[in-house]
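Trainee: Protein chains in written order, with the numbering used here: chain W, 27 to 405; chain L, 593 to 689.
It should be emphasised that the hints constitute simulated quantities derived from the structure, not laboratory data.
Remember, predicted model here, so these are calculated numbers, not experimental data.
Cβ atoms here follow ideal geometry from the backbone N, Cα and C, with glycine treated the same way.
Some hints here could point you the wrong way.
Stated by the list, open to error - Cut-off 20 Å, straight-line C-alpha distance, at most; resulting in silico cross-link-like pairs (SDA-like, lysine to any residue): (1) W:157 <-> W:120; (2) L:649 <-> W:187; (3) L:649 <-> W:283; (4) L:649 <-> W:157; (5) L:656 <-> L:637; (6) W:69 <-> W:283; (7) L:649 <-> W:274; (8) L:649 <-> W:275; (9) L:649 <-> W:181; (10) W:157 <-> W:126; (11) W:69 <-> W:96; (12) L:649 <-> W:349; (13) W:325 <-> W:152; (14) L:649 <-> W:280; (15) W:157 <-> W:324; (16) W:69 <-> L:659; (17) L:649 <-> W:315; (18) W:69 <-> L:660; (19) L:656 <-> L:608; (20) L:656 <-> W:103; (21) L:656 <-> W:274; (22) L:649 <-> W:287; (23) W:325 <-> W:206; (24) L:656 <-> W:287; (25) W:157 <-> W:125.
Unchecked claim - Stretch by stretch, here's where chain L covers chain W in the computed footprint (C-beta under 8 Å, at least three residues): (26) 213-227; (27) 275-288.
Given next are the chains, with one letter for each unit.
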Amino acid sequence: MRYLSEYRDPEVARALVRQIRETATRRWVLMEVCGGQTHTIVKQGLGELLGDAVEMIHGPGCPVCVTPLEQIDKALALAARPDVIFTSFGDMLRVPGSDCDLQQVRARGGTVRVVYSPLDALALAQAHPDKEVVFFAVGFETTAPANAMAVYRARELGVPNFSVLVSHVTVPPAMRAILDAPDNRVQAFLAAGHVCTVMGWTEYEPIAAQYQVPIVVTGFEPIDILEGILLAVQQLEAGRHEVVNQYVRAVTREGTVPARTLVEQVFRLADRKWRGIGEIPGSGLVLREEYASFDAERKFGLEDLTVEEPAECRAGDVLRGRLKPHQCSAFGTRCTPEHPLGAPMVSSEGACAAYYNYGRYREGEALAMSRESAVGSRQ
Amino acid sequence: MCLGIPGRVVALRDDAGLMMGTVDFGGVRREVCLAYVAHDIDIGDYVVVHVGFAISKVDEDEAKRSYAMLREMSQLDELDWMREFADTGLRDAQQAS
Numbered sequence: 027m028r029y030l031s032e033y034r035d036p037e038v039a040r041a042l043v044r045q046i047r048e049t050a051t052r053r054w055v056l057m058e059v060c061g062g063q064t065h066t067i068v069k070q071g072l073g074e075l076l077g078d079a080v081e082m083i084h085g086p087g088c089p090v091c092v093t094p095l096e097q098i099d100k101a102l103a104l105a106a107r108p109d110v111i112f113t114s115f116g117d118m119l120r121v122p123g124s125d126c127d128l129q130q131v132r133a134r135g136g137t138v139r140v141v142y143s144p145l146d147a148l149a150l151a152q153a154h155p156d157k158e159v160v161f162f163a164v165g166f167e168t169t170a171p172a173n174a175m176a177v178y179r180a181r182e183l184g185v186p187n188f189s190v191l192v193s194h195v196t197v198p199p200a201m202r203a204i205l206d207a208p209d210n211r212v213q214a215f216l217a218a219g220h221v222c223t224v225m226g227w228t229e230y231e232p233i234a235a236q237y238q239v240p241i242v243v244t245g246f247e248p249i250d251i252l253e254g255i256l257l258a259v260q261q262l263e264a265g266r267h268e269v270v271n272q273y274v275r276a277v278t279r280e281g282t283v284p285a286r287t288l289v290e291q292v293f294r295l296a297d298r299k300w301r302g303i304g305e306i307p308g309s310g311l312v313l314r315e316e317y318a319s320f321d322a323e324r325k326f327g328l329e330d331l332t333v334e335e336p337a338e339c340r341a342g343d344v345l346r347g348r349l350k351p352h353q354c355s356a357f358g359t360r361c362t363p364e365h366p367l368g369a370p371m372v373s374s375e376g377a378c379a380a381y382y383n384y385g386r387y388r389e390g391e392a393l394a395m396s397r398e399s400a401v402g403s404r405q
Numbered sequence: 593m594c595l596g597i598p599g600r601v602v603a604l605r606d607d608a609g610l611m612m613g614t615v616d617f618g619g620v621r622r623e624v625c626l627a628y629v630a631h632d633i634d635i636g637d638y639v640v641v642h643v644g645f646a647i648s649k650v651d652e653d654e655a656k657r658s659y660a661m662l663r664e665m666s667q668l669d670e671l672d673w674m675r676e677f678a679d680t681g682l683r684d685a686q687q688a689s
């Protein structure tokens, strides 16, 4: 198709790959924090194409994957209640909780409905005043404006039987947590284009300055990603560390101001656990006190529920970039998209599912070994 | 849920003070909240929609290109939900599937 060609042209891609390889005098380690970018990188084999110039580490860019186990368990408890209609984005239905998933709760008689928009859940609450309608408000900054509006409208319209189970996370604190880790290897970031469409990139400027890492706001098509990588490598080679915008056709520095404003009006920052990673200070959004009556955890007395995560799933190492999905001993055997141990194998934005679906595990293994030996021989 | 889906605004309406509109996603039409782009939107414009909310305006070429890309990435699951909900309103997704 004509309109695809510009951002998928193999000639342009080859030229960019060549330029990246010519620019890099050593092998740089970059992290993308967007499940859509991970998907493109794995599917197109961009990591392999870049050879010794760049190693791509896949960061915690999948909102489904980082939703903590205890929030899933709270969702399961709410969905099982006879007085509750539990509503959720479809992505969350197969994420394993401690005992089961939302689909299984539904099979056992719980009422679980998939909605496209949180406003659909609000409409459902208005249509069923005799029921409690709970919406599972998950996601990064891309879904926060929608969820903020649903709560804002519920208060404005007076819908007391609507509430939200909030599990919102924000990207910049996770980047800080990765950079703060003693064994961090990340030298530059590709920031998620669609998150920045909402938020702009002002939050990334202090991170780039403090940690001296280049951050490139990047789209999710193959040429976008290669261009983002080139802009990062050029900075690394020049010893610069700025926030630059590759995704100029969609992102401005300020983002979508009305959306940011309502998110700030409805939510405040709080510490939040990330599945597999643990608590990251200031990385979550919770409802402000004025909206407390719409907080499902308070309404149903679930605030104190805490859960230990099982040891077998190594999603945390994958989400932090310490382990490539195919290097996990359960990958493709005890853990598959049909029988997932952890969320990264469930979600289409998860790194494990991307590796599994694109058959990267065998090839990836071989390449990883050859890379290691190549790096070793240079030392 | 993180990748926005581009579509074309085909109708505008006011829902008790909230700007809503009908957006066409490659033939599937769906009610979308336009409040966040209300200052800058008209019928015929293309918008990027996240979970039922238009977050930004885009030009037509960009909209068509990223739509095709999303289709290829199998990232259009949300459209299947939309298809279910667009005509029949809300109903149990289990019945729908």
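Trainee: Identify every previously stated hint that the structure contradicts and give their numbers, smallest first.
Mentor: Result: hints 1, 2, 4, 6, 9, 10, 11, 12, 17, 19, 20, 23, 24, 25 break, sorted rising.
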